[in-house]
Amino acid sequence: MQITSPRFKDNARDALADTQLQRALSNVEHNFIDKRRIVADALPEFEALRDSARDIKNHTLAHMDLYLEEYESKVTASGGHVHWAETAGDACQIILGICREEKARTVTKGKSIVTEEIGLNAFLEENGITPVETDLGEYIIQLRGEAPSHIIAPAVHVNQSQVEEDFRRVHTHLPEGRDLSEPTTLLNEARGVLRQKYFDADVGITGANFLIAETGSSVIVTNEGNGDLTQTLPRVHIVVATLEKVTPTLEDVSQILRVLARSATGQDMSVYTTFSTGPKRAADPDGPEEYHVVILDNGRSGMLGTEYQDMLRCIRCGACMNHCPVYHAIGGHAYGWVYPGPMGAVLTPSLMGIDKAGHLPNASTFCGRCESVCPMRIPLPKMMRHWRTREFERHLQPSAARYGLGLWAFFARRPALYQLATRLAIGVLAMLGARRGRFSSLPMAGGWTRHRDLPAPQGATFQQLWSRREKTRRRNAA
Amino acid sequence: MSGRDAIFRRLRTSLEVGDDDSARRQAVRTRLTDAPKGLIPKRGQLPLDERVALFCKMAEAVQSTVQRVPDASAVPHAVAELLRTRNLPSSVRMGADPLLRAMPWADVSTLQVLEGRSHGDDIATVSHAIGGIAETGTLVLHSGVDNPTTLNFLPEIHIIVIRITDIAGDMECIWEGLRKQFSKGGMPRVVNMITGPSRSADIEQKLILGAHGPRSLHVIITEN
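Those protein sequences? They're chains A and B, same order as listed. At the far end of the first sequence sits residue 478, using the working numbering, and the numbering has no gaps. At the far end of the second sequence sits residue 224, using the working numbering, and the numbering has no gaps.
Derived from the structure by calculation, the hints contain no laboratory data. All clues given are correct.
Here are the in silico distance ranges between beta carbons for each label pair: (1) A:C367 x B:S22: 37 to 47 Å; (2) A:D55 x B:G177: 23 to 33 Å; (3) B:S22 x A:G97: 30 to 40 Å; (4) B:S22 x A:P398: 44 to 54 Å.
Heads up, simulated DSSO-like pairs for lysine-lysine below, C-alpha to C-alpha not over 30 Å straight-line: (5) A:K35 x B:K57; (6) B:K180 x B:K42; (7) A:K35 x B:K42; (8) B:K206 x A:K197.
To list a few chain B residues with every Cβ distance to chain A over 10 Å, as calculated: (9) G18; (10) P47; (11) L48; (12) V69; (13) P70; (14) A80; (15) L82; (16) T85; (17) L88; (18) W105; (19) V108; (20) L111; (21) Q112; (22) K180; (23) E223.
These figures come from a predicted structure and were not determined experimentally. Virtual Cβ for every residue (Gly too), placed ideally from N, Cα, C.
Generate the whole structure from the sequences, applying the supplied hints.
Here it is in C-alpha cells:
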C-alpha cells in the first residue's frame, strides 16, 4: 500500500474539514467504548486475563524461533505447506506462484490487514488475477478504491448513503428501482452478489489471528462467516500471517481469545472462531485440497530485543484507536498507512522507517487511554516517547521545533533558572494580557492562536501555585 | 540463503541465542507438553443444571434460539415444526453423523432429508455439535464425513443438535475432549466454534444478522 504518512499534517487537516468523515467518526467514539466497558465489567477476571495474555505473549516472543519451528513441523505433518517471506515483495511472489500453479483467475479474500500491508490486491491485479474481498467492510472499500481506515472496521469512515451510491454504481445487473434505503437491504445485496464468487474462486486467502505451535493450526476470528466460506469452498486455501502470530498451545490461545473480542467489538466471543489444520482429509466431503501458510517477517524480527518488542504482543483488536481522541478527530486514513491510531503510531515507524512515519507519534496527547484499554498491556505512550526521542536525535524534526525543545531542555535541566525564567515570562504575559484576559495572536504561537485564543496567564506559575497549596495543606495539617 | 534461514538467523540474533539454548528448548517442550490452562473464569464452573441454564442464556443473548427436547427421538419432529412455524420448505440436509442418522426421521413423512455436503442451495441444515461452552453460549463442531463444514456456513438456517451432557463450562474442557479423540497435538481439519448466527456491523456500526453465513441459528438440546 502507498504510504502517505509523511503528509500526516495535511492529511489531518483535510480530515478535520471533511464533514462526511466527521459524521462517520462519531460512531466510533460512541459505540466501541461503551460496548467494551459493558463486557469487561461483566467478567470479574478480565484484568487478570489481560495479565495472563501479556505473559503468554512475552514467553512466546522470547522463544519465537523455537515455536515457529514447532509450528512449521506440525503444519507439514498435517499435509500443509509453510512458506517464509522476508519482505512484502517476497510474500506477494510466493502467493502469486501458488495462484499461477492453480491457474487461478479469481481469488476470494477474507479480511486480512497483513495483505493490505503487502499490497496484495494491487499486485494480483497487475498479474491478471482478480481479488474479491468478501468481508462486507472490505468489499465496500474495494468498490471505492480505498484502503481500510480501521483494522477491524475497515469501512467505518463510510456512511450508509455512500454505500448505496457505490452499490448502484457497481451492481448494474440489478434493477434500478430497487430499495437500498436500509442497512439490511444493502447487506442482502452484498450477500447475494458475493455468494457465487465463493464458488467461482480458485483460491481463497485469509489472514490468521493465531498460529498454534502445538497443533499447526491457523485460527481466524470473524463475525460474518465470509472467512470460512473463503477458506472452505475454493480448491486451495492460503493463510497469510506474520511471525508474531505464533502462540504455543490451544490453552494459550483460549486465554487470549477471552480478551480479544471483548476489547475489539464488545462481544464475549466472536461468532466464528475457526481452527484450521492442513488440507481436506481423505474422508472429508468438503474443504480445500491444498493448505498453504505464508509467514511474513517484513521487519518484525528486527523489533525483537529492542524497546519496541512489546509492540509484537499486539493482537490487532483496535481498542487503542477506538479510545484515542486523536483517532476520533481525524480517522484512520490520515495516518497514511494500514495501521492507524496509537498502535500504528508505534508500528508504522518500526516497519516503514522513522523518516517516513516519525511524526505519527507526535499526534498523541499522551492521555494514556490506549494503554489503559490494551488487552495485551502494551505501553503505547512509552513507545511513542521512544520514537519522539529518536526523531529528535536524528534531527528529523523541523528546526523551529528542535530549537524550541533545545531551549526548553536547557532550562529544564537547571531548575532554579527555569523557575526564574518562567516566573518572568508569566508575569510579562499576565501584564500584557490583563485587559482582555486572552491573546488572539502571539509571536511563535501562531499554530495555536490561528484557531483559538490563548488564555492570558493569571500571574503565577504552576510551581508557585503548587508550593502555595502545599504550604496551606501543611498549615492545616499542623 | 533461503528466506527461511535468513529469518531464523535474524530471530536468533535479536534474541541473543547462544550456543547452548537447552534451557529455552526445555521451556518450550514443557509448555507444549503440559499445556497449562491459565486462568479460567468462574462464570462457567457450575453443576450441570446451572451450566445448561447459563449456556441457554448466553446463546440467546447472541440471538441463537434454543429448544430443549426429552431425547434424540424428538428431534425430527422439532425440526419439522421449526420449519413449519417459520414458513420454510420442509427439507433439511445433514452429514453421515451416527447420532443424527439414528433419529426416526422417517416418522415425519412430510420432511425431506438429504445427506452430504451443501452446494449453497439448502435452506436448512442440521449438524451435531461435539460440545457446548456455557461461558459464552458457543457450540463446537468439527469437520469430517459426519458433519461437512459447508453445512455450517451456507444455509439460511443452521440447526445444531447437542447432547445435554456435552455442554461444558469452558473452552479448555473441549480441548481435553479433542485430545482424547485426535491424540495430543492432533486436530481434525477444522474446528468451528460458533456463537450465534452470522452478523455484520460494517454499515454505520448497525448490527445486522445473516451477513454471509446463516441468518439464524437454532440449538436443540437433547436431555437423555
